[in-house]
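Place chain R on chain B using the hints.
Below, each chain spelled out in residue letters.
Protein chains: 2
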Amino acid sequence: MLYHSTLQASSRAIRLLLAEYDLEQKLVEEHLWERRAEFLAINPAATLPVLVDAQTVIIGVGPIAEYLDETEGALKRERRLYSEDPIQRAEMRRLVDWALVKFENEVTRYIVNERVTKRIIPADAGNRSPDSQALRAARTNIKYHLDYLGWLAATRNWMAGDRMSFADIALASAISALDYLGEVPWEERQELREWYARIKSRPAFRTLLQDRVRGVPPVAHYVDLDF
Amino acid sequence: MLYHSTLQASSRAIRLLLAEYDLEQKLVEEHLWERRAEFLAINPAATLPVLVDAQTVIIGVGPIAEYLDETEGALKRERRLYSEDPIQRAEMRRLVDWALVKFENEVTRYIVNERVTKRIIPADAGNRSPDSQALRAARTNIKYHLDYLGWLAATRNWMAGDRMSFADIALASAISALDYLGEVPWEERQELREWYARIKSRPAFRTLLQDRVRGVPPVAHYVDLDF
Chain B
1 MLYHSTLQAS SRAIRLLLAE YDLEQKLVEE HLWERRAEFL AINPAATLPV
51 LVDAQTVIIG VGPIAEYLDE TEGALKRERR LYSEDPIQRA EMRRLVDWAL
101 VKFENEVTRY IVNERVTKRI IPADAGNRSP DSQALRAART NIKYHLDYLG
151 WLAATRNWMA GDRMSFADIA LASAISALDY LGEVPWEERQ ELREWYARIK
201 SRPAFRTLLQ DRVRGVPPVA HYVDLDF
Chain R
1 MLYHSTLQAS SRAIRLLLAE YDLEQKLVEE HLWERRAEFL AINPAATLPV
51 LVDAQTVIIG VGPIAEYLDE TEGALKRERR LYSEDPIQRA EMRRLVDWAL
101 VKFENEVTRY IVNERVTKRI IPADAGNRSP DSQALRAART NIKYHLDYLG
151 WLAATRNWMA GDRMSFADIA LASAISALDY LGEVPWEERQ ELREWYARIK
201 SRPAFRTLLQ DRVRGVPPVA HYVDLDF
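Same order as they appear, the protein sequences are chains B and R.
Each residue of the first sequence is one higher than the last, beginning at 1 in the numbering used here.
Each residue of the second sequence is one higher than the last, beginning at 1 in the numbering used here.
If we strip away everything but chain B, and leave its shape as in the complex, we get (with noise of 0.2 angstroms):
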């Protein structure tokens, strides 16, 4: 079972991992604001994604990772997501600290907070007021950040090497939630546009272009791999 949040990319970045090493697991949606005591229980750090089975509970989105590599990628050789090089492997997990730590922190928590969280979260549990600083920043912000990652995209054939890693999974998924909103400003980006369509094109993307968030339809081009 996956704890998880519909538009937050760690927890796309653990489906996607989950649906390229062929696991299946129930997706249980979690409101975080409502501070569900089973869930609080669970984590007390109130954060998502959480994996949990009948013998384990792994929190977050490194940590649950790490745990799949350690269990399933190391027996999936060509398919396995994490290098066997310590080197390439720092260089991959550089990357993903960069998708769901720093752009999470200048972007996409910004842009889904404002556009998402604060149209469904009720009024007495938490802010709803609209910050429009915050979301003309991220705006700003994700322009710098397209920059380099369309430089890696345009120097390398995967983001953090030769073969396609969790970076890329990490990347797409930061990506995915902006662009089913419409924000991320594709034109003249033409490498990284390739790169994020030969992810998009994988069957293990899919299930994330069947996102449907209540009352926030996605842009038409979301779901188009010729986009």
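Each hint should be verified, as a subset may be incorrect.
For identical chains, the list gives no copy identity; a pair is met inside one copy or between any two copies.
Stated by the list, open to error - Here are the simulated lysine to any residue pairs, SDA-like style, with alpha carbons at most 25 angstroms apart:
id : residue 1 : residue 2
1  : Lys102    : Met1
2  : Lys143    : Trp33
3  : Lys102    : Thr47
4  : Lys143    : Leu32
5  : Lys143    : Ala41
6  : Lys143    : Ala45
7  : Lys118    : Asp69
8  : Lys143    : Arg36
9  : Lys26     : Ala204
10 : Lys26     : Ile87
11 : Lys143    : Val216
12 : Lys76     : Ser132
13 : Lys102    : Arg115
14 : Lys143    : Ala37
15 : Lys102    : Ala134
16 : Lys143    : Glu38
17 : Lys26     : Pro86
18 : Lys102    : Ala46
19 : Lys76     : Glu29
Rather than coming from a laboratory, the hints here were simulated on the basis of the structure.
What you are looking at is a predicted structure, and each value in this text was computed from that prediction instead of being measured.
Frame of chain B; chain R shown alone:
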């Protein structure tokens, strides 16, 4: 060579890990607000710590710690600071995230920023005006965090289980930065204090106890092993 910042928890965690594994590294204090071109060329994310040696650049506390485990820790047998068991490793990584992301974002960063960075940053390099609200929030938040850590210390031998691990190092790094500033309310936290005294007494910790930030001396008990 380790680019670090003296009172940044993530930098301290890598310094401790290197010392536990008897790995000497030249330390370079990096002032991120200077935005040095040479440093940004190494790490465009402009974050610390960064480990550089002849062949590699490893960026970020998680990637560096995992890299050191893979290349050095795996050979250390009973001195290894990562468990061999995937579930134990996940629990350890959860607490490392707690120390260096959650506790950092809710407590450590605010206190170090308000009490240290703003004091040493030049007037033209960033906002120096004190934010007493941030400081007050951090001083409230720390109590909830210490309650949880105290509960862990009371119910386990070490934070992530029976053996000392990188989770203890990461949590002690955050606490030591706050303790330098006299910001840890130790009263009535007997189990937590005993756990911290055990870590603090290790030879690896000596280098941290010698830290001095210019213009911001540590409180008297900072170096005291029997505090």
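Against the structure, the hints come out as follows:
1. Lys102 to Met1: between (27 angstroms within a copy, 24 angstroms between copies)
2. Lys143 to Trp33: Answer is between; shortest inter-copy Cα gap is 21 angstroms, intra-copy 30 angstroms.
3. Lys102 to Thr47: So Lys102 and Thr47 pass the 25 angstroms test inside a copy (17 angstroms) and across (9 angstroms) alike.
4. Lys143 to Leu32: between (29 angstroms within a copy, 22 angstroms between copies)
5. Lys143 to Ala41: between (39 angstroms within a copy, 19 angstroms between copies)
6. Lys143 to Ala45: between (31 angstroms within a copy, 14 angstroms between copies)
7. Lys118 to Asp69: Answer is neither: 35 angstroms inside a copy and 41 angstroms across each miss the 25 angstroms cutoff.
8. Lys143 to Arg36: between (37 angstroms within a copy, 22 angstroms between copies)
9. Lys26 to Ala204: within (15 angstroms within a copy, 45 angstroms between copies)
10. Lys26 to Ile87: Between copies only: 20 angstroms across, 34 angstroms inside.
11. Lys143 to Val216: within (24 angstroms within a copy, 38 angstroms between copies)
12. Lys76 to Ser132: neither (46 angstroms within a copy, 52 angstroms between copies)
13. Lys102 to Arg115: both (20 angstroms within a copy, 24 angstroms between copies)
14. Lys143 to Ala37: between (40 angstroms within a copy, 20 angstroms between copies)
15. Lys102 to Ala134: Close inside one copy (15 angstroms) and across copies (21 angstroms); limit 25 angstroms.
16. Lys143 to Glu38: between (40 angstroms within a copy, 23 angstroms between copies)
17. Lys26 to Pro86: between (33 angstroms within a copy, 22 angstroms between copies)
18. Lys102 to Ala46: Both. Shortest intra-copy (20 angstroms) and inter-copy (10 angstroms) distances satisfy the 25 angstroms Cα cut-off.
19. Lys76 to Glu29: Result: close neither inside a copy nor across copies, 29 angstroms intra and 42 angstroms inter.
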